[in-house]
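*Asks:* Protein chains in written order, with the working numbering: chain C, 1 to 253; chain Z, 254 to 533; chain H, 534 to 818.
I should point out that these hints are in silico values taken from the structure, not numbers from a laboratory. Do not take every clue at face value.
Simulated crosslink set (DSSO-like; lysine-lysine; CA at most 30 Å straight-line) [said to hold, decoys possible]:
{"#": "1", "chain 1": "C", "residue 1": "118", "chain 2": "C", "residue 2": "140"}
{"#": "2", "chain 1": "Z", "residue 1": "338", "chain 2": "H", "residue 2": "543"}
{"#": "3", "chain 1": "C", "residue 1": "31", "chain 2": "C", "residue 2": "243"}
{"#": "4", "chain 1": "H", "residue 1": "546", "chain 2": "Z", "residue 2": "434"}
{"#": "5", "chain 1": "Z", "residue 1": "337", "chain 2": "C", "residue 2": "23"}
{"#": "6", "chain 1": "H", "residue 1": "546", "chain 2": "Z", "residue 2": "439"}
{"#": "7", "chain 1": "C", "residue 1": "63", "chain 2": "H", "residue 2": "543"}
{"#": "8", "chain 1": "Z", "residue 1": "434", "chain 2": "H", "residue 2": "539"}
{"#": "9", "chain 1": "Z", "residue 1": "338", "chain 2": "Z", "residue 2": "434"}
{"#": "10", "chain 1": "H", "residue 1": "570", "chain 2": "Z", "residue 2": "373"}
{"#": "11", "chain 1": "Z", "residue 1": "434", "chain 2": "Z", "residue 2": "412"}
{"#": "12", "chain 1": "C", "residue 1": "243", "chain 2": "C", "residue 2": "63"}
{"#": "13", "chain 1": "H", "residue 1": "539", "chain 2": "Z", "residue 2": "337"}
{"#": "14", "chain 1": "Z", "residue 1": "382", "chain 2": "Z", "residue 2": "472"}
{"#": "15", "chain 1": "C", "residue 1": "88", "chain 2": "C", "residue 2": "63"}
{"#": "16", "chain 1": "C", "residue 1": "194", "chain 2": "C", "residue 2": "88"}
{"#": "17", "chain 1": "C", "residue 1": "240", "chain 2": "C", "residue 2": "31"}
{"#": "18", "chain 1": "C", "residue 1": "88", "chain 2": "Z", "residue 2": "439"}
{"#": "19", "chain 1": "C", "residue 1": "88", "chain 2": "C", "residue 2": "112"}
{"#": "20", "chain 1": "Z", "residue 1": "412", "chain 2": "H", "residue 2": "633"}
{"#": "21", "chain 1": "C", "residue 1": "194", "chain 2": "C", "residue 2": "33"}
{"#": "22", "chain 1": "C", "residue 1": "63", "chain 2": "H", "residue 2": "539"}
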Amino acid sequence: MDIDTKIQIQNLNVFAKDQQILKNINISIPKNKITVILGPSGCGKTTLLKCMNRLTDLYPELKVTGNIFINNQDILQAGEDINNLRQKMGLLSQRPYPLPMNIYNNIAYGLKLTGIHKRRELNRKVVSYLQLAALWDEVKGRLREPASRLSIGQQQRLCLARGLAVNPEIILADEPTSALDPISSKSIEEQFIKLKQDYSIVLVTHIIRQARRIADHVIFMYLGEVIEEGPVSEIFDHPKMEKTKQYMSGAFN
Amino acid sequence: MLVSLLLVAALPFLLFTGLYLKSFLLIHDYHLSDLLFSKEWKPASGKFGFYPFIIGSIWVTLLAMVISAPICMLTAIYVTQYTKKTMLRILHPAIDILAGIPSVVYGLWGILVIVPFISKYLGPLFGVKTMGYSILAAALVLSIMIIPFILNIIIEIFKSIPIELKEASLSLGATQWETIKHVLFKKALPGIIAAHGFGLARAFGETMAVMMVVGNVVKLPHGVFDPGYTLPALIANNYGEMMSIPRYDAALMFAALILLVVSFFFNLIMHFFIARYNKY
Amino acid sequence: MKKAGKTEEKIFKVLMIVSTYFIFAVLALIIYSIFEKGIRAMSWEMITQPPSGGYYYGKGGGILNAILGSLTLAIGSTVLAFLLGLPVALFINVFLIRWKKLVSFIRFLLDLIWGIPSIVYGAFGFTVMVFLGIQTSLLAGIITVTLFILPIMIRSMDEILRTVPIGLMEASYSLGSNKSETAFRIFTRQTVSGIVTALLLSFGRAIGDAASVLFTAGYTDNLPNSLMEPVATLPLSIFFQLSSPVPAVQDRAYASALVLTLIILVVSIFSRGVGRRYHKTKINF
Numbered sequence: 001m002d003i004d005t006k007i008q009i010q011n012l013n014v015f016a017k018d019q020q021i022l023k024n025i026n027i028s029i030p031k032n033k034i035t036v037i038l039g040p041s042g043c044g045k046t047t048l049l050k051c052m053n054r055l056t057d058l059y060p061e062l063k064v065t066g067n068i069f070i071n072n073q074d075i076l077q078a079g080e081d082i083n084n085l086r087q088k089m090g091l092l093s094q095r096p097y098p099l100p101m102n103i104y105n106n107i108a109y110g111l112k113l114t115g116i117h118k119r120r121e122l123n124r125k126v127v128s129y130l131q132l133a134a135l136w137d138e139v140k141g142r143l144r145e146p147a148s149r150l151s152i153g154q155q156q157r158l159c160l161a162r163g164l165a166v167n168p169e170i171i172l173a174d175e176p177t178s179a180l181d182p183i184s185s186k187s188i189e190e191q192f193i194k195l196k197q198d199y200s201i202v203l204v205t206h207i208i209r210q211a212r213r214i215a216d217h218v219i220f221m222y223l224g225e226v227i228e229e230g231p232v233s234e235i236f237d238h239p240k241m242e243k244t245k246q247y248m249s250g251a252f253n
Numbered sequence: 254m255l256v257s258l259l260l261v262a263a264l265p266f267l268l269f270t271g272l273y274l275k276s277f278l279l280i281h282d283y284h285l286s287d288l289l290f291s292k293e294w295k296p297a298s299g300k301f302g303f304y305p306f307i308i309g310s311i312w313v314t315l316l317a318m319v320i321s322a323p324i325c326m327l328t329a330i331y332v333t334q335y336t337k338k339t340m341l342r343i344l345h346p347a348i349d350i351l352a353g354i355p356s357v358v359y360g361l362w363g364i365l366v367i368v369p370f371i372s373k374y375l376g377p378l379f380g381v382k383t384m385g386y387s388i389l390a391a392a393l394v395l396s397i398m399i400i401p402f403i404l405n406i407i408i409e410i411f412k413s414i415p416i417e418l419k420e421a422s423l424s425l426g427a428t429q430w431e432t433i434k435h436v437l438f439k440k441a442l443p444g445i446i447a448a449h450g451f452g453l454a455r456a457f458g459e460t461m462a463v464m465m466v467v468g469n470v471v472k473l474p475h476g477v478f479d480p481g482y483t484l485p486a487l488i489a490n491n492y493g494e495m496m497s498i499p500r501y502d503a504a505l506m507f508a509a510l511i512l513l514v515v516s517f518f519f520n521l522i523m524h525f526f527i528a529r530y531n532k533y
Numbered sequence: 534m535k536k537a538g539k540t541e542e543k544i545f546k547v548l549m550i551v552s553t554y555f556i557f558a559v560l561a562l563i564i565y566s567i568f569e570k571g572i573r574a575m576s577w578e579m580i581t582q583p584p585s586g587g588y589y590y591g592k593g594g595g596i597l598n599a600i601l602g603s604l605t606l607a608i609g610s611t612v613l614a615f616l617l618g619l620p621v622a623l624f625i626n627v628f629l630i631r632w633k634k635l636v637s638f639i640r641f642l643l644d645l646i647w648g649i650p651s652i653v654y655g656a657f658g659f660t661v662m663v664f665l666g667i668q669t670s671l672l673a674g675i676i677t678v679t680l681f682i683l684p685i686m687i688r689s690m691d692e693i694l695r696t697v698p699i700g701l702m703e704a705s706y707s708l709g710s711n712k713s714e715t716a717f718r719i720f721t722r723q724t725v726s727g728i729v730t731a732l733l734l735s736f737g738r739a740i741g742d743a744a745s746v747l748f749t750a751g752y753t754d755n756l757p758n759s760l761m762e763p764v765a766t767l768p769l770s771i772f773f774q775l776s777s778p779v780p781a782v783q784d785r786a787y788a789s790a791l792v793l794t795l796i797i798l799v800v801s802i803f804s805r806g807v808g809r810r811y812h813k814t815k816i817n818f
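Take the sequences, apply the hints, and build the full model.
*Replies:* Below, the structure is given as structure tokens:
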């Protein structure tokens with residue numbers, strides 16, 4: 001595995017009953033970059049993302065074959081370790097799903113899972129992760145309020161802070177701005193650009209402009225297959241495949 | 254259409270007013286606290302103390318809840334979180350049938366199975382001599398009767414929790430058990446409480462099955478092996494002679510009024526409970 | 534901590550499996566005891582003859598009075614509840630659809646009525662009968678049971694009707710039909726299977742309940758022949774005859790329990806076959 005590669009996916013196939021959702025995926029996700037998985041809805045982007053931290057386990061109808069290496073360890077072969085491995089990857093979903101707890105405990109929950117139990121350390125870390133997600137100023141007086149009282153945009157940033165709190169190396173984001181207003185979306189995008197120094201980010205989206213704004217590396221998918229993969233400039237300015245060209249010109253929308 | 258609707262909407266008020274007017278004689282002549290807290294039940298000499306029946310009802314109901322609550326919780330978590338969908342497909346008809354079995358049939362089953370089981374095995378095991386007709390027998394039969402009712406609601410609640418919430422917790426490194434314990438359970442808690450509240454209201458009003466196995470002895474129970482008497486059983490057992498003793502009919506209607514008020518009260522609270530949580 | 538969690542999970546998982554299978558086991562046990570006693574007591578005479586020497590004494594005869602009585606009572610009240618309930622369910626879903634607050638208040642009220650114990654209906658029914666000077670009779674039984682199953686009937690039909698998309702209604706408007714026509718034609722056709730489920734559910738409740746008919750329908754050895762006469766029912770046939778010291782009479786109780794349980798089983802299987810489930814409490818997160 002290349003030193004700059006964070007995730008290496010080989011021969012990944014996903015089947016659901018009689019239908020193949022992902023077909024022979026071979027890609028590598030670079031370290032400390034924003035990798036955007038781009039494609040029309042229903043092309044298997046989200047499934048690919050869920051394979052990376054094996055949330056596919058939750059859907060018994062899915063059958064997954066192939067290899068996904070993260071730090072040279074095959075995620076798909078990991079047995080009991082999967083809970084620890086998942087901590088290496090923070091997840092941000094399409095809509096924010098705050099845990100049914102107060103704001104403070106939404107962050108502390110993950111911290112406790114990493115083995116931090118001292119009150120003082122918890123307090124310190126909760127504050128610092130809320131700051132990292134640019135939420136601290138808005139919530140500092142109301143940490144004991146239920147997280148559900150925050151606005152959608154704030155909730156999404158809370159989910160980001162929650163994911164960062166378990167000290168991941170990778171952030172997996174599944175259209176994280178699709179439920180947000182333009183201002184909150186912008187704030188999330190800005191966070192990502194800042195965070196890529198320390199994290200490898202995988203972002204699923206169908207918004208071409210968003211990909212162009214923040215991507216370093218682009219993977220274009222269509223109907224369960226990877227059509228083209230490469231640096232953002234290449235994919236956008238000199239796409240090799242006809243399908244990619246069509247999509248970039250908006251032919252699918 | 255409007256007429257039908259008004260008829261239905263007026264029903265609870267009609268019931269309440271009717272029963273209130275009928276029991277007015279009793280409420281007018283006695284202090285409410287005397288009726289509710291006096292232990293003496295001698296209709297022939299004009300003594301109407303409902304305390305033994307109220308206590309009997311509370312014992313039977315609470316004991317039934319204590320038995321059925323953990324069974325419902327554990328089963329609901331098992332079939333929604335740990336098993337394949339097939340299990341739920343098998344369990345649903347079973348729940349339907351349990352819910353459909355009539356009260357008297359449960360009572361008959363109680364007499365055939367539960368009562369002998371208590372007098373022959375459970376009683377001697379605890380060193381108690383009992384006929385089997387007891388608070389415990391009634392609670393056991395009742396707990397089985399309310400299981401389908403409560404379980405159905407709890408299963409629905411767990412099914413309605415978005416899978417993304419589970420994903421969020423798992424992706425933070427929680428195990429499935431930690432996710433269930435700290436996230437899913439917490440999310441479902443208001444619904445679980447409401448389910449048990451509805452179940453409790455139902456159990457409190459259950460008549461025939463309880464009446465057939467509870468023993469029907471007017472006395473304050475000292476233990477679960479003692480026989481007891483419940484409010485619904487009081488009404489059902491004495492309807493025949495209630496016209497022969499003055500104020501007796503008023504007393505039975507007062508018992509019905511208590512049942513009505515308790516049922517309204519619990520259902521009302523639980524509805525607001527759910528409504529409040531649906532907002533988030 | 535992870536290790537402790539594992540053990541805890543294992544313990545709970547065992548408990549979960551135990552309680553799930555406990556439910557199946559109890560159901561099997563109930564069915565077994567009812568069938569075991571019932572089949573032994575069952576005979577051709579049992580289901581084709583009324584009791585010949587009074588229901589509380591032996592002297593041969595069967596439970597035909599209770600079987601026919603129960604069917605008459607349950608069918609009568611299900612039909613009556615349907616006739617009263619369908620307009621209400623339609624009214625809520627067609628005419629009141631825009632007044633969301635009012636509709637949810639009506640639903641709330643119906644759920645509240647649903648929760649009232651059947652003995653309260655029985656007691657109330659009896660009070661009204663005394664007031665009007667009516668004796669226990671099939672008619673009084675039917676009216677009481679109708680009131681008792683009405684909320685079940687309305688809410689389960691309502692639950693089906695509310696799933697019918699509004700778009701369908703608007704499409705029908707634009708074709709020029711008036712509101713009532715829309716209501717009765719399209720909605721009803723769309724939801725026949727759901728309505729059958731509601732009927733079966735209500736019928737099951739009507740035939741199984743004893744507390745509401747105890748004071749109102751009475752009991753008799755005769756076959757049902759008039760709306761003004763008392764009528765025998767299966768639940769009460771179990772209840773009364775079980776307490777008899779005569780084994781032959783007790784057998785009638787067991788046979789009644791078997792017949793009643795079979796009816797309930799058939800109803801459950803049918804309603805599961807035809808339609809969707811009705812959930813009393815919807816909780817949205």
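*Asks:* Next, verify each hint and record whether it holds.
*Replies:* Each hint tested on the structure:
no. : hint             : in the structure
1   : C:118 with C:140 : holds, 20 Å
2   : Z:338 with H:543 : holds, 21 Å
3   : C:31 with C:243  : holds, 27 Å
4   : H:546 with Z:434 : holds, 12 Å
5   : Z:337 with C:23  : holds, 26 Å
6   : H:546 with Z:439 : holds, 19 Å
7   : C:63 with H:543  : holds, 26 Å
8   : Z:434 with H:539 : holds, 12 Å
9   : Z:338 with Z:434 : holds, 21 Å
10  : H:570 with Z:373 : holds, 20 Å
11  : Z:434 with Z:412 : holds, 16 Å
12  : C:243 with C:63  : holds, 28 Å
13  : H:539 with Z:337 : holds, 21 Å
14  : Z:382 with Z:472 : holds, 17 Å
15  : C:88 with C:63   : holds, 23 Å
16  : C:194 with C:88  : holds, 19 Å
17  : C:240 with C:31  : holds, 24 Å
18  : C:88 with Z:439  : holds, 25 Å
19  : C:88 with C:112  : holds, 15 Å
20  : Z:412 with H:633 : holds, 26 Å
21  : C:194 with C:33  : holds, 11 Å
22  : C:63 with H:539  : holds, 26 Å
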